[in-house]
Each structure stands twice: as C-alpha cells, then as structure tokens.
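Just so you know, the protein sequences line up as chains A and B, in that order.
Counted the way the working numbering counts, the first sequence spans residues 1 to 293.
Counted the way the working numbering counts, the second sequence spans residues 294 to 798.
It cannot be assumed that every hint is accurate.
Derived pair list, reagent style DSS-like, types lysine-lysine, alpha-carbon separation capped at 30 Å [claimed, not checked]: (1) B:Lys354 with A:Lys281; (2) A:Lys281 with B:Lys690; (3) B:Lys376 with A:Lys281; (4) B:Lys425 with A:Lys281; (5) A:Lys274 with B:Lys366.
Covered stretches of chain B, going by a simulated chain A footprint (3 or more residues, C-beta under 8 Å) [as the list claims (entries may be wrong)]: (6) 340 to 347; (7) 441 to 450.
Hints were generated in silico from the structure; no laboratory data involved.
On a predicted model such as this, the values are computed, not experimentally measured, just so you know.
Think of the CB as a built atom: it goes at the ideal place given N, C-alpha and C, for glycine as much as any other residue.
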Amino acid sequence: MTQGATRRFTVGMPCRLPGALITLACCGVLGVAAPRGARAQTAADGQTLFAGMCKACHTIGGGALVGPDLAGVTKLRAKDWLARWIAAPSKMLAAHDPTATELFNQYNKVTMPDFGLTAAQVASVIAYLESGATTAAAGSAAPAPLPAGEAARGRSYFVGGTGFTNGGPHCISCHSVAGLSSLGGGNLGPDLTNSGYVKSEPAFAAFIGAPSTTTMAAIWAKTPLTTQEQADLYAFLSKAAVQQREPDALLQIALLCFAGAALMVVVAQLYWRKRSKGVRKPMIARTYSMKRG
Amino acid sequence: MDIRAQVSMVFHLDKCIGCHTCSVACKNIWTDRKGTEYMWWNNVETKPGTGYPTLWEDQEKYKGGWQKDSYGKLQLRLHSRLKGMANLFFNPFLPTIDDYYEPWTYDYENLFNAPEGDDQPTARAVSMITGKPMDSIEAGPNWDDDLGGSPVYARNDTNLDELTEDEREQLNELERVVFFYLPRICNHCLNPGCVAACPQGAIYKRGEDGIVLISQEKCRAWRMCISGCPYKKTYYNWSSGKSEKCILCFPRLESGQPPACFHSCVGRIRYLGVLLYDADKIEQCASVPDDQLVEAQRNMIMDPFDPAVISAAKANGISDAMITSAQNSPVYKFVMKWRIALPLHSEFRTLPMLFYVPPMLPVLAKTRDGTYDVAGLENENLGAMLSSLEKARMPIKYMARMFAAGNVGEVEDVYRKLIAVRIFKRAQKVKDYGQAEVDSALAQGKTNAEEVEAIFRLTALPTYEERFVVPPLGRESAVEAWEDPLDHKREAGFGNLVQITRRRF
Ligand code: SF4
Ligand code: SF4
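One chain only, chain A, in its complex shape:
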C-alpha cells in the first residue's frame, strides 16, 4: 500500500527533485524494514500467541472444545492450507474451501475469528504446533469439569437478578438468548441461542474462564466468574440453547413499538388538546354557518 502510493507519487512528479528525494528516503526505510520483519520465528513465539489467542477454543491433545483438538494437525493438513486458514478463516469460508466448510459444519457453525496475524506470526504458530508440544502436558488443556449447576440460578445471573461474586456485568447487557422476554438482551455480543460456545461444557468452561475476544477478555480478566457461577450459567445457557427463539418475538417487538407509539400520540393529543388548529379557516366556516343557520 505504502509502496504503491509512493510509486504513484514518483510517477506523478518525475522530474521534481524533492519528490524524488522523498521517494528515495521512503524506499530506504522500507529496505531496512524488510529484513527485520522477516527474521526467523521460533516456536516460543508461537506458544505465546497460542496461549493468548487459540487456547480458549483449542487444546493440543486435550480433546475438542469449541474447535478441534490440534494434536497432529500439521500432519493432517498441508502446511500452506494451515497458513492460509490461520491467517484468514473468513476468506477461506467465503471461498467455499471444502475442508474449511466441513469443519465449520462439524463444529456447530462457529466461525473462527480473523485474528489479523502477520505471515511471520502464522509461521510461528505453525512452528509451535509442529514442535509436538501438548497443552495437556502443561495441565491447562481441559479445564476441570464444572460442578453441578442450577439453571434457574443461571438465568438469574444472566438477566441481572443476582449479582456476581466479583461484580462482573450481567450477560444480558450485551447478549441475548432464547427464553428471555420478547425484547431479549443486548446487541453488542452475539445471540447465544444455539451458539457453539454453549454446546459443550468443556468448551464453555474454557472460553468463559479466559475469554479470547477483546471485549470479553477486558471485562472478565478483572472480575472473573467463580466456578459455581460458571456452572449455573452453563446449566441455563445449555438449556436455553436447545430451545429456538420464539418465532413471533419480532412480531411482539413490533406490536410493543406500535402500542408505545400509539400511547404517546394519545398522550400528546390529550396534553395539547387545546392547541391552535388555525384561526382564519374556522372563523370563516363559523361565520358562514351562522349566516345559514
């Protein structure tokens, strides 16, 4: 992009000395920058990236969570396929790549996020996967199973009836899920009805324990949920998730809006019932009707 722009700039001003100098300077900077960007990546870098971004949904040798277990994935898939996939999953899906589509369907249609990694970073993640390390060995692969949860309490946490021990915000402020009232919950986060994250207990626990998305991570790092809270929420969400959102919810919202608007019109009509509705026309109408009468 920068280079393109620079080139256009040079073409546009071929014989201007300052322009040429600036171009040269830019090329110089880029020339220096290129080798630095290409410096060899180590599996250690990959491990850091994995812990930050992948761990919430994947294990290596610890079983499937939201996404598949990645043990031996470098043998299963071609390296360049892996590189393209990790760099931009959404592009692969949009291009109807057969393997990508199959995985997408198999794992509850949860799209893997585009993390926007550079080619070098992707390479380091692959290097880490190749290194044969297992997250299971590190003890953080599958989180400890959750205790038994109670759906009713989970619902109360979700909608804000009961406060979280550490003071975290209630889920309803950003999320909606089937089984709430017609108006549902917030729109900032995804609707959790049938979401892949609430389909299996380990997946849920892994994600909610250390969320990988920017917004969730920012919130829950400071005010983590207790395991009992997680369990209750899971109990509620997994139950709610099975249900479908009532098909007439939208209709109910529309009706509510309509009734609200109608009420406001009625109130305004009452409040301003003595407003002036024109003076001249009524005066003329009155005078003529008096004459006739």
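Fit chain B with the ligands to the supplied structure of chain A, relying on the hints for placement.
For chain B with the ligands alone, coordinates are given in the frame of chain A:
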C-alpha cells in the same frame, strides 16, 4: 429614577390613505429574501377587520402579551416557566401559515413566452411555498382592505365585542359604513412579551435607543417570541431557521435617516423622536388596572426639560445631544404635551412605544327624521359631535377598546381636542363657525388657541425635520463598551459578521 432613552413613534391615523407604500418600502429592503416571503414587518390593515395575521388581537387564540396572575403579578399569557419547559418542543399557540397567508407571485414569463393562441396569455398565481400554480388565492396580508369581504372579516373584529347587536348592525348599513387604516410595525415595547418569552435569551432591547432586536446568532428557532408578542410582530424565517422582526431600520437611524416606512410615507402620518422614561416604573405601570394603563404609561415618560430628569439621564450616560433630541421630539408633543396620541391595545401590557392619533373619520352623518342624510352639512355635525360623541359614526367604545384598553374617557378627551382644532381652524379659514362656538369647543377640548395652532402646524404642515427628529445614536460610544470603535468600524463593514446558514438537525 433610572432614566433611559427610547426612540418612539406616532402615527396620525387621520392622515393615512391606505396606500401600502410603507409596507412595500419595508418589503423591498428587508423581507424579499428566501424564507421571508410571508412577512410584513410593516403592514397596513383596514379597521374594522381582522388584520394580519387573522384575528391577531384575539389573545384567547394566540396567547400573546401579559396577564396578571392570581397574586396580581405580571405573567406571560403564553405560559409559566414550567409550562414553557413542557411546551419547549411544541408551542401549541403558533399561528399557522394560513393565518398569515400563503405567499404567492405570478408567472410573468408566460406573458412573454406563451405560444400564439386565440386568447390573451395570463400570468397565473404561483405559490411561493410549493412553487406550484394556485387555483384560488384564499387570503392575503391585506385581504379585507377597504372592507373587502366585510360580512366575514369586519364582522369578526374582536374590538366590536362590546357593542350591542344593534350597534353592530348599524355599522353595516349602507350610509353608515365606515372604516379607517391601521398601519402597524413593531412597537419596540418597554415591557416586551417577545423578549420575555424567548427561552434562549436571543432577543434584547438596545441600551442606547430601546430598539428591540433578535440576535440572528443566538436564535434557536424555539418560536416562543411569535406567541409572546401580542402584536404578532415577530416572524419565523423557515429558511434560515431564525426569527426576525422589524429592526426600526437601525442602520438608517445610525446614519441619521428615518426608517424607510417613515421616509416613504405618502400621507406623512409618521413621526419619530426620542422619549425619556423611568425604567424603575416599568413593572408597576404594567400592572395597574386596565382603565389606568394609558395614564400609567404617560407617568413613566419623563419631562426632558426637568433639570432633575436631565441630571439623572446624564448619570445614566445619556448624551447631551440625545437629551436635546428628546426636547425637540414630536412624539413628546403628541403623547405628553397635547395628550392626543394613544398606545395601541395597552391591555396587552407590553407598554408599546408606538402611539396613534385616533382617526376622526367623517365624524357623523346628519340625521333627518331619524335616517341618515349623507349630504348633510358637516359644520352642524362637528358642533353636534362635541356634545354627543356617542353618536360618532364609529362607536367610541370601539376606539376605546383599541386605543385605551376600554377607557372611553381617555378617547373622548382626545376627540374633543381634535374637534376643537377643527372648529377653530374652520372658523379661521372657512369662517363658518362663530366665536361663541369656537370658545365652547376650546373649553370642551381643554385647550387654547396657542396649543391648537401648534397641533395644527405639526399635523398639517410639518417639515421633514419636524416629523423626524432622529437622535444622534452615538453607536461608536455604545460600541466602546466591548471594542475599540475604530476596530469595530473596520470589522463590521457591510452585512453580517457571521454567515448565517440554515441549521441542519
Ligand atoms: S411589538 Fe411585539 S415584537 Fe415588538 S417589542 Fe413589542 S412584543 Fe416585541
Ligand atoms: S405609506 Fe403612510 S399613508 Fe401610505 S399606507 Fe403607509 S402609513 Fe398609510
């Protein structure tokens, strides 16, 4: 005593010929812009009639001006402060465009460009709101001019409310039909309803001359002033999103010329000069009972020859030149010395500073055997009218309602003096009245030969300088309060300092 100067006006209604030159002069200078098509800062209406906008005097409908609340304190008729907040986004008593009129122009091009045909081409009326041809024009700013449509318009005049049904009927009898013109501009009131109603504080009364102005920078289109002014003399410009009103041609005044409507007036009915008034008395004067309002307003206006007033004026920073101008003011003579000019609808309690000399009209038609004889002798009528003002062609109650908040006595005093002037001058020039009649007329008019001569002179033969005593406004020294006058002069130049554009919401 808090003495301030007010540029004030007198309109002598007997002299108005209803030519609308004043309105056109004003329109061409100030309101030929987009968004101002329907505005007439100066308008001339026929009375009896409903005026412009229709029935503007009916405050039951428009809620303009002030009223006294249950504690006897002055309050805007429009709303209390709380109600004002509740109605901020919807003011329920605004006139509709139909109450003014739908402004139109004509398709003049068609007169030149129409293809050859069997008929003369016509210029159709084109609405200046929709831009589409109008099939019928239903109203205009002077729609009931010269009693046009009077069975509807004149009949609904609110000033007729107190007349009996008989008296109203008589007004419609062919021989008795009577009307006069009422030119109106903003009154530049001392207790302006427009200023009080503005939630933005965008309307102000200039310190040095009392001209009431709407800041085009501060106005935020709440349109409360339009309801607040009982004379309906502020208007909303739909294009700029600001309200506008008569500015008394202050740029002309500042360069020593009278306002354009005054200058162009064909009947020479308009007088302009400075009055000194005591601002401490405003609230008290605006709160007296209806029938005392005219006298209370006279009490506020101070004698510019009184040394105490002069020193108080100087203490308030009023210049010597301004005081001299107040001493020469024709308005002071009409309102205070001769007491023949009265404010319009003082019951609105805004203390308007435009005064009217009420019209004599053809005072009375002669009666013969109980029917009116229009060919009757005028001299008999004049004499008769002195003792029987109640027989005036236009009922005196009507005049009292317009010019003295219903106080018939005030209006009768004015008429007696005006009739005395006429009898005196007729005796002098036409010689059809005897000395005895003249003396009795002078006595009844509470006047004397000298005063009558002075009134006659300023009414019939005034020079330009006598009609318009434009004070030296000394804008430079007023500007000194916030800026170096020389800088200001250089920066102000022509036009607006700030470009005024339509706000997009
Ligand atoms: S006449 Fe109306 S617009 Fe003019 S100063 Fe009085 S209240 Fe304001
Ligand atoms: S220009 Fe003078 S005479 Fe003519 S209508 Fe206006 S006020 Fe009356």
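Against the structure, the hints:
1. The hinted pair formed by B:Lys354 and A:Lys281 meets the criterion: a straight-line CA distance of about 13 Å does not exceed 30 Å.
2. For the proposed pair A:Lys281 and B:Lys690, the alpha carbon gap of about 28 Å is at most 30 Å, so the pair holds.
3. Taking the CA atoms of B:Lys376 and A:Lys281, the gap is near 28 Å; set against the 30 Å cutoff, the hint holds.
4. Restraint check for B:Lys425 and A:Lys281: the C-alpha separation of about 21 Å stays at or below 30 Å, so the hint holds.
5. For the hint pairing A:Lys274 with B:Lys366, the CA-to-CA distance comes to about 25 Å; that is within 30 Å, so the pair holds.
6. For a cut-off of 8 Å, the count of residues in the segment 340 to 347 of chain B with a CB near a CB of chain A stands at 3, and the three-residue condition holds.
7. Counting residues of the segment 441 to 450 of chain B whose beta-carbon sits less than 8 Å from any beta-carbon of chain A gives 4, enough to reach three: the coverage restraint holds.
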